[in-house]
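K.L.:
Listed below, chain by chain, are the residues.
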Amino acid sequence: MMITYWLNGKKSSADIEPGMMLYDFLRSQGCYSVKCGCETTNCGLCTVWVNDVPVLSCAVLAVRIDGCQVTTLEGLQEDAKEFAYYMGLQGADQCGFCNPGFVMNVLAMVRRFDSPTEDDIKEFLSGNLCRCTGYMSHMRAIKEYFKAKGKEVRS
Amino acid sequence: MNIVQYTKAASLEEAWELNQGRGAVVLGGCCWLRLSPQRRIAQAIDLSGLGLDAIEERDDSFKIGAMVTLGAFGSHEGLLTYTKGAVKEATRHIVGTQFRNLATIGGSISGRFGFSDIWTLLLALDADVELYKGGRVPLSDFGKTGPGKDIVSHIIVPKKSSQTAYASLRLNETDFPIIAAAVHVDGKDVRCAIGARPGRAEVMTLPVDTVKTLGCEKAGREFAEKVTYETNQRGSSEYRHDMAVVLCRRLLAQTMGDDV
Numbered sequence: 004m005m006i007t008y009w010l011n012g013k014k015s016s017a018d019i020e021p022g023m024m025l026y027d028f029l030r031s032q033g034c035y036s037v038k039c040g041c042e043t044t045n046c047g048l049c050t051v052w053v054n055d056v057p058v059l060s061c062a063v064l065a066v067r068i069d070g071c072q073v074t075t076l077e078g079l080q081e082d083a084k085e086f087a088y089y090m091g092l093q094g095a096d097q098c099g100f101c102n103p104g105f106v107m108n109v110l111a112m113v114r115r116f117d118s119p120t121e122d123d124i125k126e127f128l129s130g131n132l133c134r135c136t137g138y139m140s141h142m143r144a145i146k147e148y149f150k151a152k153g154k155e156v157r158s
Numbered sequence: 249m250n251i252v253q254y255t256k257a258a259s260l261e262e263a264w265e266l267n268q269g270r271g272a273v274v275l276g277g278c279c280w281l282r283l284s285p286q287r288r289i290a291q292a293i294d295l296s297g298l299g300l301d302a303i304e305e306r307d308d309s310f311k312i313g314a315m316v317t318l319g320a321f322g323s324h325e326g327l328l329t330y331t332k333g334a335v336k337e338a339t340r341h342i343v344g345t346q347f348r349n350l351a352t353i354g355g356s357i358s359g360r361f362g363f364s365d366i367w368t369l370l371l372a373l374d375a376d377v378e379l380y381k382g383g384r385v386p387l388s389d390f391g392k393t394g395p396g397k398d399i400v401s402h403i404i405v406p407k408k409s410s411q412t413a414y415a416s417l418r419l420n421e422t423d424f425p426i427i428a429a430a431v432h433v434d435g436k437d438v439r440c441a442i443g444a445r446p447g448r449a450e451v452m453t454l455p456v457d458t459v460k461t462l463g464c465e466k467a468g469r470e471f472a473e474k475v476t477y478e479t480n481q482r483g484s485s486e487y488r489h490d491m492a493v494v495l496c497r498r499l500l501a502q503t504m505g506d507d508v
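Line by line, the protein sequences give chains A and B.
Note that this note's numbering has the first sequence beginning at 4, numbered continuously upward.
Note that this note's numbering has the second sequence beginning at 249, numbered continuously upward.
No wet-lab data here; the hints were simulated from the structure.
Be aware that a few hints might be false.
Derived pair list, reagent style PhoX-like, types lysine-lysine, alpha-carbon separation capped at 25 Å [what the hints assert, rightly or not]:
| # | chain 1 | residue 1 | chain 2 | residue 2 |
| --- | --- | --- | --- | --- |
| 1 | B | Lys336 | A | Lys125 |
| 2 | B | Lys332 | A | Lys125 |
| 3 | B | Lys256 | A | Lys14 |
| 4 | B | Lys407 | B | Lys332 |
Computed Cβ-Cβ distance ranges for the label pairs, DEER-style [said to hold, decoys possible]:
| # | chain 1 | residue 1 | chain 2 | residue 2 | range |
| --- | --- | --- | --- | --- | --- |
| 5 | B | Gly383 | A | Ala151 | 52 to 58 Å |
| 6 | B | Glu325 | A | Gly33 | 39 to 45 Å |
| 7 | A | Glu85 | B | Gly383 | 52 to 58 Å |
| 8 | A | Phe100 | B | Asn480 | 27 to 33 Å |
| 9 | A | Asp122 | B | Gln286 | 38 to 44 Å |
| 10 | B | Gly396 | A | Ser118 | 46 to 52 Å |
All C-beta atoms, glycine included, are put in the ideal place defined by N, C-alpha and C.
Build out the structure end to end from the sequences listed, making use of the hints.
P.N.:
This is how it looks when you write it as structure tokens:
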């Protein structure tokens, strides 16, 4: 099937099988930040944005991006670098396997909220699993990042 | 997924006609289908181009399109106000933001999943299902038949002067519930739905005056003892029963306050 889409701002077309999942398609387009971690739509590693909404690319049929804007970590390098600084500073980057999906969802969250509570953050990120950190260092990094963006995290 | 033919339906009539064929599957958010990658789907029917992704608030009801995501359902201002936040409570534990941005209310309803928080809440809210050919049917009746070859187009939540509350118990934040309960109180009746037993949610009704006479503890027990529970790896039937009593009691206290 022919689809037309915008990948990280660049318009493209492709002929794909109807059963192809979005993460497979994105990897075939060179977006290797997109990975499938759990195979059960639970871990959040495969997070991308479709029309600026974070979704699990492992559960989206690639045909459904026809006419849509798709954003992967490759298209958000500057933002990712900025947030990664705070992750490193707070020891939130350990094995790093969950980072691509986690960063994508944090960047979506910082666009959504101006002054979230810690509970808002936990709820927003509950679909991003990390088996290393225990999330405390993530929370510190997120607070620092919000502060750098001129926003605040309410207690 | 193993999809032979994919069609983005141009109308509900086209979707319905395609759905009469053998091996046809109506696509919702695909979150559950995705767990069966080897399943062969002869005809996939995509409803995403039919404008079914909107929630319409009317004077007497909310009309929720089948393709409304659980995220949109749980954060809709009108529904949040009407249910006193119960729609958020019933959705916020479902996997994560990204999942809720995909999974649809039509998929949750058509799937008739036993673990469904959505089923539990909507049963308590006395919701109806609108089928393209079959018209409007109560959700409790739909539970017995499912969509068959018809297509769920909307969910209708009637508006009444009422109080609603939802609660669930989980082993961890984003797991399926061990037990879930919702209570909806209008001027006349108390509707209590208990789900994740682990079977599909069931709803019971008692007159408000009866609940006031019994009090929260006894009324909660009465509701909880009207349904059966089973054991699976998340919890035993006895545990589910005992926790159902607790949740029902708490929700009755939350919705009826000093009245009981």
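K.L.:
Indicate, hint by hint, whether the structure satisfies it.
P.N.:
Outcome of the hint check:
no.: 1; hint: B:Lys336 - A:Lys125; in the structure: 14 Å, holds
no.: 2; hint: B:Lys332 - A:Lys125; in the structure: 22 Å, holds
no.: 3; hint: B:Lys256 - A:Lys14; in the structure: 22 Å, holds
no.: 4; hint: B:Lys407 - B:Lys332; in the structure: 13 Å, holds
no.: 5; hint: B:Gly383 - A:Ala151: 52 to 58 Å; in the structure: 55 Å, holds
no.: 6; hint: B:Glu325 - A:Gly33: 39 to 45 Å; in the structure: 41 Å, holds
no.: 7; hint: A:Glu85 - B:Gly383: 52 to 58 Å; in the structure: 54 Å, holds
no.: 8; hint: A:Phe100 - B:Asn480: 27 to 33 Å; in the structure: 30 Å, holds
no.: 9; hint: A:Asp122 - B:Gln286: 38 to 44 Å; in the structure: 40 Å, holds
no.: 10; hint: B:Gly396 - A:Ser118: 46 to 52 Å; in the structure: 48 Å, holds
When each numbered hint is compared with the structure, no violation occurs for any of them.
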